[in-house]
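Chain residues, written in single-letter form:
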Amino acid sequence: MYTVNMTQGVTAISHEIYTLHMTIFWICVAIGVVVFGTMFWAIIFHRKSRGAVAAHFHESTKVEIIWSIIPFFILIAMAYPASHLLIKMHDTRDSDLTIKVTGYMWRWHYTYLDHDVQFMSSLSTPYEQIINRDVKGEHYLREVDNHLVLPINKKIRILTTANDVIHSWWVPQLGIKKDAIPGFINEAWMIIDHPGIYRGQCAELCGARHGFMPIVVEAMNDADFSAWLATQKTKATQQH
Amino acid sequence: MNNDLQHSYAHHGPAKGITRWLFTTNHKDIGTMYMIFACAMFFLGGILAMLIRCELFKPGLHLMEPEFFNQLTTMHGLIMVFGAVMPAFAGMANWMIPLMIGAPDMALPRLNNWSFWILPFAFLILSSSFFMPGGAPNFGWTFYAPLSTTYGPNSTDFFIFSIHIMGMSSILAAINVIVTVFNMRAPGMTLMRMPLFVWTWLITAFLLIAVMPVLAGAVTMMLADRHLGTSFFNAGGGGDPVLFQHIFWFFGHPEVYIMILPSFGVVSEIIPTFSRKPLFGYISMVYATVSIAILSFLVWAHHMFTTGMPLAGELFFMFATMLIAVPTGVKIFNWVATMFRGSLSFETPMLFACAFLIMFTIGGFSGLMLSMVPADYQYHDTYFVVAHFHYVLIPGAVFGIIAGVYYWLPKWTGHMYSEVLGKTHFWLSTISMNATFFPMHFLGLAGMPRRIPDYALQFAEFNKVASIGAFVFGLSQVFFLFIVIKTIRGGKPAPARPWEGAKGLTWEVPSPAPYHTFTTPPEIPA
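Which chain is which? The protein sequence lines are A and B, in order.
Everything in the first sequence is counted per this note's numbering, starting at 1 for the first residue and increasing by one.
Everything in the second sequence is counted per this note's numbering, starting at 241 for the first residue and increasing by one.
Bound-form chain B, shown alone (with noise of 0.2 Å):
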């Protein structure tokens, strides 16, 4: 790139108008594009879980008839998990990796677009599932055989139809993160310098590659048990509705660490930062995500425990899940290990990235707790699942997302964001948060079922103080939105670094970010 066109960038700047978000290959625009949608779908399935916790209130039916509910838990899930977090951190690794590794874009920028564009697209389709007769999708976002084939709404094609594009998004998205980081980092940018936010977008990358098409192929044989006189999953046809458990499971577990690697790499350049200190154990740390990723398609039947398997199955399985534990373990062991004896402030994204280090935490004991098979027994499908893996969601991956974005949000935006609110959007969020969830474990271990619109009496104290804290939880992510709103249009100017501890290639440009960066390489230092 020579001085000549970056001039008449310069002058030019962005197209304007709605032509420039519809065409663009830039991947700061549409790193924007990625947030700001997953931002709608995290306020939509929030307003689901709203709906969801207001029936929970009281025992007895008051809003709603059961067969609504189920359709408000499968919506709420689905949302939340394909269409606010995955696309969230897409949008991270957009805004992020070319400037982590001193590239000038993505490698692949038109793709880059169209990974981006089919999701509002799928999401519509899903959406308005609500409208649709017979209504959304109801049979759980897990969708589970023969339920969601026999028994399924007219919708449940509509869904199969969306799940396959956003799945192509996410797969697109993949290959184009593999390409930039194996091709276009700086020289002197080494695999092992990068940061380590790169990396676990590199793994997860992976991931995506690898269980995406599992997941198209769920439910294409679930289509075609629908509508193409197949039995895959019907015993009365030769078929097995635990085969398709196993196919989604082989899909959803990878799913669920691709969900959270990436939060993991936020975390590990928010906590050097404010630690003035660097990451401890970085070669270790590259290990144990990779050890996690290959672990990850090795446990899948730990959702299964209760269907029936094979002694020798459960055994495997429960083995295979509790090793997971070590390299967890050690990246937690490595965080804290960074903060021990660093000169620390507590700044908003630090306090979310200590929040995450102790609840994520404690969303990983109960994943131990479940691990063990005879006491899974007593858990699964339970509530006590729910509380699991809602901490591991929401304080691990949507606390990962939050943290990125006060990180980052002087820099996307030239603004610094006050930091009164940010702190105030934190408390509310963490203390709500565990007031919804923590009396949840209670709840599962009280007898209380996963996916029902009503309960028994002795539920009732506990599922009033979740709906609270929820209410509570929901109006501080409002406030969350207003904060960053508020920033985008103004604020304190933003330094280039505005976080005294912080390293890396991404501080050297000035905020906000230029429309084009790194049009020629960086120097790295030896």
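Next comes chain A alone, as it looks inside the complex (with noise of 0.2 Å):
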């Protein structure tokens, strides 16, 4: 595929992380016309060969100063979103449900905390396929053998720990990235709109098998999570 573009994800961070990066980047387009223009038309019209003789201006503080402030101004301009939303990121207070996130080497292991479930979520992609014997199928590398299923329209925390060497929870379409630290907690926290499978990866170098630990993140409106979850808790207490 060529894909060219971020995804605006399924919450309203996702959606809000996207519109900044779109903006950032046509500002950076608009300066890049700027100053590319200027430079190509030094090279079109400027050239010795065209007869163009050089000027002998070399300093001007006036225009140092010009092409300081503004562009300082420009950063401003871009700085008062970026800091608005990085400050809704933080705040993870009132979570409707909390789930703990470990990162093993290769594997990630979920804790439903206050529900007593938890199960590991390792790669299910079979190893013919990725030794090019068998042909690859359409989630390779990127699906499990347990999804992390969650409800829509509830305000998830996610604690990321490790159980051995920092890997870091990612799932572009949730606007969540997050390293899972051994021996510390981080937090995030999200708000899924629509019901859907979400697939990401582990995005921190953590050994030979770092490109084989995937996340499929499996969202359901309120009634279907709670009769997921007490299927989860039946098999929990069969097991004891």
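Bear in mind the hints are in silico, worked out from the structure with no lab data behind them.
Nothing here was measured: the structure is a model prediction, and the numbers come from that model.
Think of the CB as a built atom: it goes at the ideal place given N, C-alpha and C, for glycine as much as any other residue.
Just to be clear, a hint being listed does not mean it is correct.
Chain B is faced by these chain A residues, among others (derived, beta-carbon under 7 Å) [claimed, not checked]: (1) 12; (2) 39; (3) 47; (4) 53; (5) 73; (6) 165; (7) 179.
The two chains are supplied separately, each in an independent frame; assemble them into the complex guided by the hints.
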């Protein structure tokens, strides 16, 4: 696929991240047009072979001040929405559900705190596909045995940690990337707007199989989620 | 230096054979050795990159185990950063600084010899790690703990040793540059009359002295955690893995400015020459470079936005990082203003300098995007970052080196390189570099993380394009080597000033530059 842009995602925050990304991008394009335009003008019209004779100017304090001040104000204009969004992203209060995510070499472990449900989630792509003995499936390297199932429209707090080395939990469509650090706990939050399946993978080099520990989130409406949770708890009690 | 001594040098010349090179204290010889070493390392690091791009050509594991892939990415980074870029600029500093300030040599010539010779020793140790049991370092050139401390292979300790040696080389070379620039300028060559290349190297030297010891600290703490029972980076013992990142990046961020500032200097020599117009805003350029250097100490944690920093920390590092865009922008504007209404010609050095200007700026734009923390959560540790740093490093640092080589080859060898071949090398390199790294922006935005040997199917198309671009780029550099060797061996004789618009003491001495130059200080017109 020739995807060229970031996903807008399925949370309000992921949408705001996308908007910030595009805003900064277009500002950079505008500055580029001015700078490269001036350069190309000089390259074409100020060539010696065209008869151009060099001017002598080589300094101007006024101009230096102007092209320091204007970019400075452009930066302030960028920093304002970015800071506003960041402050919102740090507000993990009043969540409805908390999931503890633990990175292992090389799979993820999920615990639904307060619900006594937990399981490992490992890559389910067959080895034959990886070594090119079999045709690769649609979700090659981004499929797992046990999905992280979550309710939509609820504030979900993710706590990340790790068992061994630093990993990083990243699902682009949820707008979350947070390092999972052994011995420490990090926080992030999300409210998922739409039901669906959202895929990501580990984003911090963690050893040989760093590329082989994907994340699959399955978001569903509250009723379905409660039903799923109930079956998980039954399984848990059956195992005890 | 009286005329008798000069006379005797002319008769005896440099020593013959291997002892000339082992024991030389001559800045030209040492500069040459640095650059030959850097060239060899560039090709070694380049071969590793070719292997990486072979594996990444298609989804699936084809050539190697994932564990070996991690060794390749780690060693590619280490060799390019510490073995290619830094020694290449050190070589240029050695060759050019005395010529540019009218000094007979560097201030500390014997130290200079040692600064060079410990480098091949260090890199022999580092490269041999591929053949050690457990393989080469495999934890990324950034060697985060605890992956590198608890899980690093046996070669990790040799890696630490070679970093120490290489760090010493850099510190000693930096001391030499500072002492030379402060003490050995010809009378009349005030600081504000020095070529900008000398200024950028002077500032780089201060950065090196400030941060190489920090790197040494980081690797020593790593060694202690591995073998002396300490827990600097191990939470189980009361330490913190993120402490490693703070220490590393306090070195690491100034390090990337160490890699680019000399390139700024080279380009600041080339653009005025081929615009036949003085550098616009010399004083601003000096102040902007100093500002960039000072600010570079205040931004390190922008490499760590996803580690779980408090809000205040993230805001501070975002603002400080954005601020660096101001002096950097000033420099770009000044270079463009130098070209504007000049009388331009586009010999090979100027082509590379113009490519630098455009593509380094593109790298700067992706850097600005990366500094926006909420968006960085989506970019961090993806191919978007790989695209960013290869844009600032290849068109930034490497093209600066290549431009400097073409610009100064006539002075070094006495021969002109072939302009047709040089331009061919330029176009092949520029087009293939863009083909390799521009798609990586898209890959990162589409969700592909870094440092993975195999990837999901949606990333296949751009990876194939990138790999093909990489192979062409690699071959283009072999072509460059051919051009350089051909020029060393012969070519149209070069005059003292091969470039019409070139100014400065460098161009007063013959081409090739005599073994000893400025044995008496030159007269600098008021």
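Hint check results:
1. 12: violated, 12 Å
2. 39: Because about 5 Å separates residue 39 of chain A from the closest Cβ in chain B, which is inside the 7 Å limit, the hint holds.
3. 47: At about 5 Å, which falls below the 7 Å cut-off, the nearest Cβ of chain B leaves the hint on residue 47 of chain A intact, so it holds.
4. 53: holds, 6 Å
5. 73: This hint is violated: residue 73 of chain A lies away from chain B, its Cβ roughly 10 Å from the closest one there, beyond 7 Å.
6. 165: holds, 4 Å
7. 179: OK, holds: residue 179 of chain A within 7 Å of chain B, min 5 Å.
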